[in-house]
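From first to last, the protein sequence lines stand for chains Z and D. Sequence positions in the first sequence follow our numbering and run 23 to 516. Sequence positions in the second sequence follow our numbering and run 0 to 215.
Keep in mind the hints are simulated off the structure, nothing from the lab. Note that the structure is predicted; figures quoted are calculated from it, not measured. One should not assume that every hint holds.
[To be verified] No farther apart than 25 Å at their CA atoms in a straight line, the calculated lysine-lysine pairs in the DSS-like style are these:
| hint | chain 1 | residue 1 | chain 2 | residue 2 |
| --- | --- | --- | --- | --- |
| 1 | D | K28 | D | K44 |
| 2 | D | K119 | D | K107 |
| 3 | D | K44 | Z | K351 |
| 4 | D | K28 | D | K52 |
| 5 | D | K28 | D | K95 |
| 6 | D | K52 | Z | K351 |
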Amino acid sequence: MTKPSFQHSRRWTLSWCFVAIAAVCLLFADIRITTYDPWTELGRLFSGLLNLSTVGLDDLGFTLLQTVAFALLGVTLGSVCGLSLALIFHWRWVRIMCALLRSVHEIFWALIFLQFFGLHPLTGLLALAIPYTATFAKIYAEILEEGDLSALNVLAHGTGNISSFFYARVPDLYQHFKTYTAYRMECGLRSSAILGFIGLPTLGFSLSTSFMEGLYGQVWVLLILFYVLIATMRYWLRPSLLPLYLIASVFIVNNDTELSMTNISRFFTHDIVPAPIRNGESLASFWQWLSDLLMTQALPGIMNTLVLSQIALVASAICTLLLFPLVSKQFFGRFPRSVGHFFLVIMRSTPEYLLAYILLLMWGPSMLPAIVALALHNGAIIGHLVGRYSDELVMRQDASFGLNRYNYEVLPRVYGQFLAFLFYRWEVIVRETAILGILGVATLGFYIDSAIQEIRIDRAVVLIIITALLNLAIDMVSRRVRFWLRVKTDLSIR
Amino acid sequence: MLSLVNAEVRYQGNVALHDINLTIQKGEKIALIGRSGSGKSTLLKLIYETLPKITALVPQDEGLVESLSVYHNVYMGRLRAHSWFYNLLNLIRPFKSRVEEVNAILEKVELQDKCFDVVKQLSGGQRQRTAVARSLYQGGELLLADEPVSAVDELQAGRLLQMLSTDFSTTLFALHDTQLALSHCTRVIGLHRGRIVLDEPSEHLSAADLTRLYCD
Chain Z
23 MTKPSFQHSR RWTLSWCFVA IAAVCLLFAD IRITTYDPWT ELGRLFSGLL NLSTVGLDDL
83 GFTLLQTVAF ALLGVTLGSV CGLSLALIFH WRWVRIMCAL LRSVHEIFWA LIFLQFFGLH
143 PLTGLLALAI PYTATFAKIY AEILEEGDLS ALNVLAHGTG NISSFFYARV PDLYQHFKTY
203 TAYRMECGLR SSAILGFIGL PTLGFSLSTS FMEGLYGQVW VLLILFYVLI ATMRYWLRPS
263 LLPLYLIASV FIVNNDTELS MTNISRFFTH DIVPAPIRNG ESLASFWQWL SDLLMTQALP
323 GIMNTLVLSQ IALVASAICT LLLFPLVSKQ FFGRFPRSVG HFFLVIMRST PEYLLAYILL
383 LMWGPSMLPA IVALALHNGA IIGHLVGRYS DELVMRQDAS FGLNRYNYEV LPRVYGQFLA
443 FLFYRWEVIV RETAILGILG VATLGFYIDS AIQEIRIDRA VVLIIITALL NLAIDMVSRR
503 VRFWLRVKTD LSIR
Chain D
0 MLSLVNAEVR YQGNVALHDI NLTIQKGEKI ALIGRSGSGK STLLKLIYET LPKITALVPQ
60 DEGLVESLSV YHNVYMGRLR AHSWFYNLLN LIRPFKSRVE EVNAILEKVE LQDKCFDVVK
120 QLSGGQRQRT AVARSLYQGG ELLLADEPVS AVDELQAGRL LQMLSTDFST TLFALHDTQL
180 ALSHCTRVIG LHRGRIVLDE PSEHLSAADL TRLYCD
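Generate coordinates for the entire structure from the input sequences, incorporating the hints supplied.
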């Protein structure tokens, strides 16, 4: 008999593969601090905490109301449409359509709609509602699929589809729907705030103005109000009050921008038509145009997006592994845990776009701010989930403590779940990486934003489609990897 | 080595153990019997809490880390004997000398061919033997084992109990098999609804006496 030999597990090998890929990416990444004195600026930012000021923030209430109103309307519309689509999600074309809609980030949707709706409320509303519809459709369909069918099966033959759905399915699954929708509402608030950075009248707009003027006292007032808004959501966002909120929201987001049919039709018949075709040139020149676009913009954009996102993925993983013990009952008592929770909640509630924006102002343009922002935000999200998962572990009475406990007892038990969470976020990280291009890192978002600045909408649309396809590809690879590892995520991360 | 006077344990207001008066001398081999829910596991936990430093445990649910190998689970019995850094290196790549030590133990419980198998893939009996191996590797003066052999065959069960009794000077097994209790222990303690209702040397007892504990 041959002696058994020690072999590393699949997840060990896979983890190191990803670390190796990230290490190779680091060789090609542009990582440096370009500002002359990065830490003074950071110091000034934090000293802003000591002299909070609302001077110059006359429209503070207006901004917050706009942020909430857009989130409420967009997410509600998305959830209603998503629920209807979830019922026909077994149709292949619905699934494909949703995957495509989902893979375009809400900021890209907003950039497109800005071109023909201008600052009409429809821009923000649709930018949120479209990707959220697609996400809701997928998750609601999964909830329905995992639900218990026994009540449905005993219904009298001939019971209508709608009656049976609301009697036999909804009551049991209501809690799941509610929890998930509430979670997405929180995401919606973040998305809505971020849309301000590209011109909508939400929180991001006031934030970027205050930042530009270096008024950090104002920045903190805005941020703190935003955190309070999210932290108190479960108190003010009651299902029974929702209709009231929605009606009020319609009035809040309404402005006097008028829809111009000429703009809309020009967009579809002129702006998005590739320039050579628009000008009636030959097919050869169209190919020239396309290959030019692919080689000089799409390709470098994809490369940079992948390089940055792979580094950010591994950095997020490291952050998670360092952060989760802070909130785990396996390691700390009530007080240290609440400090950990506080830090994680702040990092989680700050959108990565905003974090990257702040760090970029401090450290200057390179990939570094984007990587740190993505790692902190995603590390906090996954760290929170892994921490909660580790709380459920039942330990032996004589289990070890400290680092031995971490290495031998806890990490082996949570690692599978940790990878599942991480790979689920992978697609999100890639999508966000593309978006961070708008801040100046040369990922796909950079080229899309430049094309729009130059009013070359035809190029922007092609690049957005390419970005969507990249996201779909990553989503597919991630699903393969998770299948290979035989790990499953629960609803809370999706 | 241990004495409990009028000890009581409550779980969320419910009394799980009443009036426990118990003295354990060094070298005793004790069987703890009683129906499920009679308080055996609770009593073992209570004893562990009084003597954590010298005690090895075989909990009822084995307390194994599913995704680690048998080797690592057994090694965990002696984590505190080494620095955390040594342990970490050993987690990444097992040290040869430790593997030999652990293999010697695994041979005793007939698991040597499973040394580097992941616990998740083991059968119930193999898992129990892994937990027994861990306690053997850990060593100590007192062994507390909660149904340590309920999933292995009779022949092997006897051998395992024998091995544990020789390795540890003092042993306390919670058992439901009255035959095993009488043949491997010198003293039998019977629990009923959280009270000690029987405490006799096993030579004064017959299987029938013990069976009575299981009828109401």
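- Message: Which constraints among the numbered hints does this structure fail? Numbers only, ascending.
- Response: Violated: hint 5 alone.
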